[in-house]
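Visitor: Let the hints inform the model, and build the full structure from the sequences given.
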Amino acid sequence: MTEFLPLAKAIEKHVPDGASIALEGFTHLIPFAAGHELIRQGRRDLHLIRMTPDLIYDQLIGMGAARRLTFSWGGNPGVGSLHRLRDAVEQAWPRPLELDEHSHAGMAAAYRAGAARLPFGVLRGYIGTDLPAHNPRIRAVTCPYTGEALATVPALNPDVTILHAQRADRLGNVAIEGIIGAQREAGLAAKTLIVTVEEIVDELPPAMNGVLLPHFVVGVVSPCPGGAWPSYAQGRYGRDNDFYLRWDEIARDRARFSAWMGRHVLGTPGHREFLDSLRQGTA
Amino acid sequence: MTEFLPLAKAIEKHVPDGASIALEGFTHLIPFAAGHELIRQGRRDLHLIRMTPDLIYDQLIGMGAARRLTFSWGGNPGVGSLHRLRDAVEQAWPRPLELDEHSHAGMAAAYRAGAARLPFGVLRGYIGTDLPAHNPRIRAVTCPYTGEALATVPALNPDVTILHAQRADRLGNVAIEGIIGAQREAGLAAKTLIVTVEEIVDELPPAMNGVLLPHFVVGVVSPCPGGAWPSYAQGRYGRDNDFYLRWDEIARDRARFSAWMGRHVLGTPGHREFLDSLRQGTA
Amino acid sequence: MSDYSRDEMMTVAAARLLWDGCITFVGIGLPSAACNLARLSHAPGLVLIYESGTINTRPTVLPLSIGDGELAETAACVVPLPDIFSDYLQAGRIDVGFLGAAQIDRHGNLNSTVIGPYGKPRTRLPGAGGATEIAAQAKQVFIVMKASPRSFVPRLDFQTSGGHFAGRAASGARGGGPAVVVTDVGILKPQAASGELVLTVLYPGIPAEEARAAIGWPLTIAQELESMPAPTAAELAVLRALEARTAAAHRQPVRLPT
Amino acid sequence: MSDYSRDEMMTVAAARLLWDGCITFVGIGLPSAACNLARLSHAPGLVLIYESGTINTRPTVLPLSIGDGELAETAACVVPLPDIFSDYLQAGRIDVGFLGAAQIDRHGNLNSTVIGPYGKPRTRLPGAGGATEIAAQAKQVFIVMKASPRSFVPRLDFQTSGGHFAGRAASGARGGGPAVVVTDVGILKPQAASGELVLTVLYPGIPAEEARAAIGWPLTIAQELESMPAPTAAELAVLRALEARTAAAHRQPVRLPT
Numbered sequence: 346m347t348e349f350l351p352l353a354k355a356i357e358k359h360v361p362d363g364a365s366i367a368l369e370g371f372t373h374l375i376p377f378a379a380g381h382e383l384i385r386q387g388r389r390d391l392h393l394i395r396m397t398p399d400l401i402y403d404q405l406i407g408m409g410a411a412r413r414l415t416f417s418w419g420g421n422p423g424v425g426s427l428h429r430l431r432d433a434v435e436q437a438w439p440r441p442l443e444l445d446e447h448s449h450a451g452m453a454a455a456y457r458a459g460a461a462r463l464p465f466g467v468l469r470g471y472i473g474t475d476l477p478a479h480n481p482r483i484r485a486v487t488c489p490y491t492g493e494a495l496a497t498v499p500a501l502n503p504d505v506t507i508l509h510a511q512r513a514d515r516l517g518n519v520a521i522e523g524i525i526g527a528q529r530e531a532g533l534a535a536k537t538l539i540v541t542v543e544e545i546v547d548e549l550p551p552a553m554n555g556v557l558l559p560h561f562v563v564g565v566v567s568p569c570p571g572g573a574w575p576s577y578a579q580g581r582y583g584r585d586n587d588f589y590l591r592w593d594e595i596a597r598d599r600a601r602f603s604a605w606m607g608r609h610v611l612g613t614p615g616h617r618e619f620l621d622s623l624r625q626g627t628a
Numbered sequence: 346m347t348e349f350l351p352l353a354k355a356i357e358k359h360v361p362d363g364a365s366i367a368l369e370g371f372t373h374l375i376p377f378a379a380g381h382e383l384i385r386q387g388r389r390d391l392h393l394i395r396m397t398p399d400l401i402y403d404q405l406i407g408m409g410a411a412r413r414l415t416f417s418w419g420g421n422p423g424v425g426s427l428h429r430l431r432d433a434v435e436q437a438w439p440r441p442l443e444l445d446e447h448s449h450a451g452m453a454a455a456y457r458a459g460a461a462r463l464p465f466g467v468l469r470g471y472i473g474t475d476l477p478a479h480n481p482r483i484r485a486v487t488c489p490y491t492g493e494a495l496a497t498v499p500a501l502n503p504d505v506t507i508l509h510a511q512r513a514d515r516l517g518n519v520a521i522e523g524i525i526g527a528q529r530e531a532g533l534a535a536k537t538l539i540v541t542v543e544e545i546v547d548e549l550p551p552a553m554n555g556v557l558l559p560h561f562v563v564g565v566v567s568p569c570p571g572g573a574w575p576s577y578a579q580g581r582y583g584r585d586n587d588f589y590l591r592w593d594e595i596a597r598d599r600a601r602f603s604a605w606m607g608r609h610v611l612g613t614p615g616h617r618e619f620l621d622s623l624r625q626g627t628a
Numbered sequence: 003m004s005d006y007s008r009d010e011m012m013t014v015a016a017a018r019l020l021w022d023g024c025i026t027f028v029g030i031g032l033p034s035a036a037c038n039l040a041r042l043s044h045a046p047g048l049v050l051i052y053e054s055g056t057i058n059t060r061p062t063v064l065p066l067s068i069g070d071g072e073l074a075e076t077a078a079c080v081v082p083l084p085d086i087f088s089d090y091l092q093a094g095r096i097d098v099g100f101l102g103a104a105q106i107d108r109h110g111n112l113n114s115t116v117i118g119p120y121g122k123p124r125t126r127l128p129g130a131g132g133a134t135e136i137a138a139q140a141k142q143v144f145i146v147m148k149a150s151p152r153s154f155v156p157r158l159d160f161q162t163s164g165g166h167f168a169g170r171a172a173s174g175a176r177g178g179g180p181a182v183v184v185t186d187v188g189i190l191k192p193q194a195a196s197g198e199l200v201l202t203v204l205y206p207g208i209p210a211e212e213a214r215a216a217i218g219w220p221l222t223i224a225q226e227l228e229s230m231p232a233p234t235a236a237e238l239a240v241l242r243a244l245e246a247r248t249a250a251a252h253r254q255p256v257r258l259p260t
Numbered sequence: 003m004s005d006y007s008r009d010e011m012m013t014v015a016a017a018r019l020l021w022d023g024c025i026t027f028v029g030i031g032l033p034s035a036a037c038n039l040a041r042l043s044h045a046p047g048l049v050l051i052y053e054s055g056t057i058n059t060r061p062t063v064l065p066l067s068i069g070d071g072e073l074a075e076t077a078a079c080v081v082p083l084p085d086i087f088s089d090y091l092q093a094g095r096i097d098v099g100f101l102g103a104a105q106i107d108r109h110g111n112l113n114s115t116v117i118g119p120y121g122k123p124r125t126r127l128p129g130a131g132g133a134t135e136i137a138a139q140a141k142q143v144f145i146v147m148k149a150s151p152r153s154f155v156p157r158l159d160f161q162t163s164g165g166h167f168a169g170r171a172a173s174g175a176r177g178g179g180p181a182v183v184v185t186d187v188g189i190l191k192p193q194a195a196s197g198e199l200v201l202t203v204l205y206p207g208i209p210a211e212e213a214r215a216a217i218g219w220p221l222t223i224a225q226e227l228e229s230m231p232a233p234t235a236a237e238l239a240v241l242r243a244l245e246a247r248t249a250a251a252h253r254q255p256v257r258l259p260t
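Chains as they are written, first to last, in the working numbering: chain A, 346 to 628; chain B, 346 to 628; chain C, 3 to 260; chain D, 3 to 260.
Treat the hints with care, since some could be wrong.
What the hints assert, rightly or not - If we take Cβ atoms under 7 Å as the criterion, some of the chain C residues that face chain A in the derived model are:
(1) 49
(2) 57
(3) 79
Stated by the list, open to error - Counterexamples of contact, computed for chain A against chain C with all Cβ distances above 12 Å:
(4) 351
(5) 363
(6) 438
(7) 481
(8) 487
(9) 488
(10) 591
(11) 597
(12) 603
(13) 608
Claimed, not checked - Cut-off 30 Å, straight-line C-alpha distance, at most; resulting in silico cross-link-like pairs (DSSO-like, lysine-lysine):
(14) 148/C / 122/C
(15) 141/D / 358/B
(16) 141/C / 358/A
Keep in mind the hints are simulated off the structure, nothing from the lab. All residues carry an ideal CB built from backbone N, CA and C; glycine is no exception.
Guide: What follows is the structure in structure tokens.
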């Protein structure tokens, strides 16, 4: 049954060095607090999986936590580059980063296959692109009816998926509202699913056809208000577009990046203090 | 853009003899009124597709409208046999019926493939069963990563899918609440989608993550209050379990079946009059 | 407590095999009664999933169909049916799947498709529905069927769902297959080596010979026979109250929509 | 009306190419501005789909990211991202997909992956995202890019998305590929036979020679050149009001959550 643990305990218990780990959330509900906790605990050699690495993976990569990245779009949305990701790929700083690169459609098919515990996903995809020439995991099957060749991707089944959601109940059911990205699929594909939530409630509103991850697929729930900042939580707080712009400056320079991470992430014991440290003075 | 047509016009215009047609709805929201209209208009040689044929296909088959049936469970739910389906298969009455028989998991994969316009669906299915020996459409592919053999089904893309839903707006967006079965997939898989609805409203409530078929996938909306009876419409009217029991008696006998269909379906010009005819005296 | 029916004994026996927190894939009829009895007695955290897409539903009355509105209204959530089969059943998340059938053989293979040849059947049955993949992918399968030589047969007319058939291990089936067959005359379980169903549990007042007579193949009787106690007063009270609520609810007339 | 920027001309030109009822797959930036301009002027029934899963969204301000809350709140519905790519894009329901890139070649192939060799790039770009399948499966692709010899190149460093490449017809791509490339110096369209992009539409005040200078391959100029009129006062008013609303909305400070 679902465990209820503080975030630090959840990471300590369920995410070892070397794990494959997906922090999903498409612009919305990105589990930043969990990413910071991975950094605080000094995880190494992680295989990071995420459609859109975003700032949180820029931070993990810049801190040297990752050996490998499975992804389909690695930018700062609406702003530009992820400078730490670029530095790792272009200059191997602070360490080399292996790439397992896909398109969104391919990643989506891979998560779906993982959620269904099929070994591969099929799509009419990767047409007219050099990606398969550089990624031997992108292969093909022949349709047994039409003879058509279709692209395949191996299923993604992360050791751990971490999501952020608005609410869980005391049984461990998790309710998500708003843009959902591939969160449901990444959650169901995981060997262990950890969900940080804005709030734990006695009773969720009736879900009917809404998005709910039932308690028996949720390994751990960790209460973590504000845990998606600078991403957002529909109905709770907005996306901090300004921070996404500022990050472009912070991350552009190795020293400034390291100083910022040292002060705000390594220098704080948890997410509440992290947010407090940003409120004090210029982040 | 979506057409708004009376049901009889919609059937007349979009469902020719010989069409492949899926009336979906899993116990809930079964489009009975549309099935009756197919019978009134004397359609022939239809390829009927439906996971659970239910009473509506028992009626179509008993009236000789079908040449072929793609299905996965053909019973009267909670009651027993579909006697008209049995009579067609066992005695070829009123005409022979070709079977394309699957499991639920296989049908679901076939609809999903159809919705995504992939030529086939993949599942870890049809294991330990004689079904593939009798259905050459059930085949296999080899996983390009693990070498495992997995079952395949050809995509289902009905010429016409007919659904019943609680509400549409004036643009043609269709909102469904409650048990959804494979309605969404069957609707998206169709070449033409017709939806009968309890009500047309100026504005649907905000859907957010609810089930909505957007107007540009909906070919026709036909207002048809009570159109799911004796199935049900969540939030509107309940399932007429008693009628499902009575149907067992009506359908058991060829003459009684024919008389009932003659009086209530062929003998009424539309669904309102059909329901009226049932209110008058013993159905 | 001797004032109970054989159906009640079967239902109670099946309910007792379920544990708190067990994730079940439920069919209509006796399995639904057994699961809800378990949920309302010793296993309050039992998770009921119906193939209609209703997850962790907690109905106050028993559904008549697999897709009753009651199941949607009391569910934690309702998901599309394709998700149930791919992301829950195929994904290996079901602890116990319930099955019944028209015919069963000594290895727990089931027929719910046809009596007679497939192309020209004497009796056309409903077909596989969810059964084929439940049989292959649920971690355990509980079969619930009244015993009679007509249904417990030496040889199936058609194999709809696989039990402990030869080659199961290499077949791609990830589930363990039938763990138990609950009948009205006792409980059969598969022998570890052969997968053959043998009588292992007796009910009060029903001797092994009566069970043997109800099975259409030469039934092996386990060397160490267990006996299942009769339904307790508490169990019967919960079950009968559930069935009374169900009957009352279903007596409510349904008005034709206008 | 001559008081407009080249960006405004591009945006208006792209907007004019859209028709009422057109189903678009929209990216952030200029395509988003063009689609919303069209929706707020001549094409009120334009359907905007963003890859974040928001269908028929009608934002009052332009989103800064592809997944802004505004898009969810004003959408007809929000679906999982995998559905967008399988059931909408792959299924062939998108009339127009918008793309941009760091590099484009004369056949409309695009690079948004790397400058330099893939294994040791000089510049690592964000990558494919939705682009590869938009390029292959949307019925038409509209490319929007500022022209410069650095980006309109004879040869791509990496082909992320296919335009009118050799073999497209037999490749499994079901869409028609790039129909138009809207730049800040004019509009290029593919020649029917070769698929080569040629200058076909001029903007007011920008001669063909200026366009030729901005393109890194020897640009062919169509024999019959069309000219696109300048933005109207009405178009500019709608576009500037939209951008002003957007700027005002994004000036609202976001409070850190507590």
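Visitor: Against each hint, give a clear statement of whether it holds in the structure.
Guide: These are the hints, each one checked on the structure:
no.	hint	verdict
1	49	6 Å, holds
2	57	5 Å, holds
3	79	4 Å, holds
4	351	24 Å, holds
5	363	25 Å, holds
6	438	40 Å, holds
7	481	26 Å, holds
8	487	20 Å, holds
9	488	19 Å, holds
10	591	39 Å, holds
11	597	42 Å, holds
12	603	42 Å, holds
13	608	42 Å, holds
14	148/C / 122/C	27 Å, holds
15	141/D / 358/B	27 Å, holds
16	141/C / 358/A	27 Å, holds
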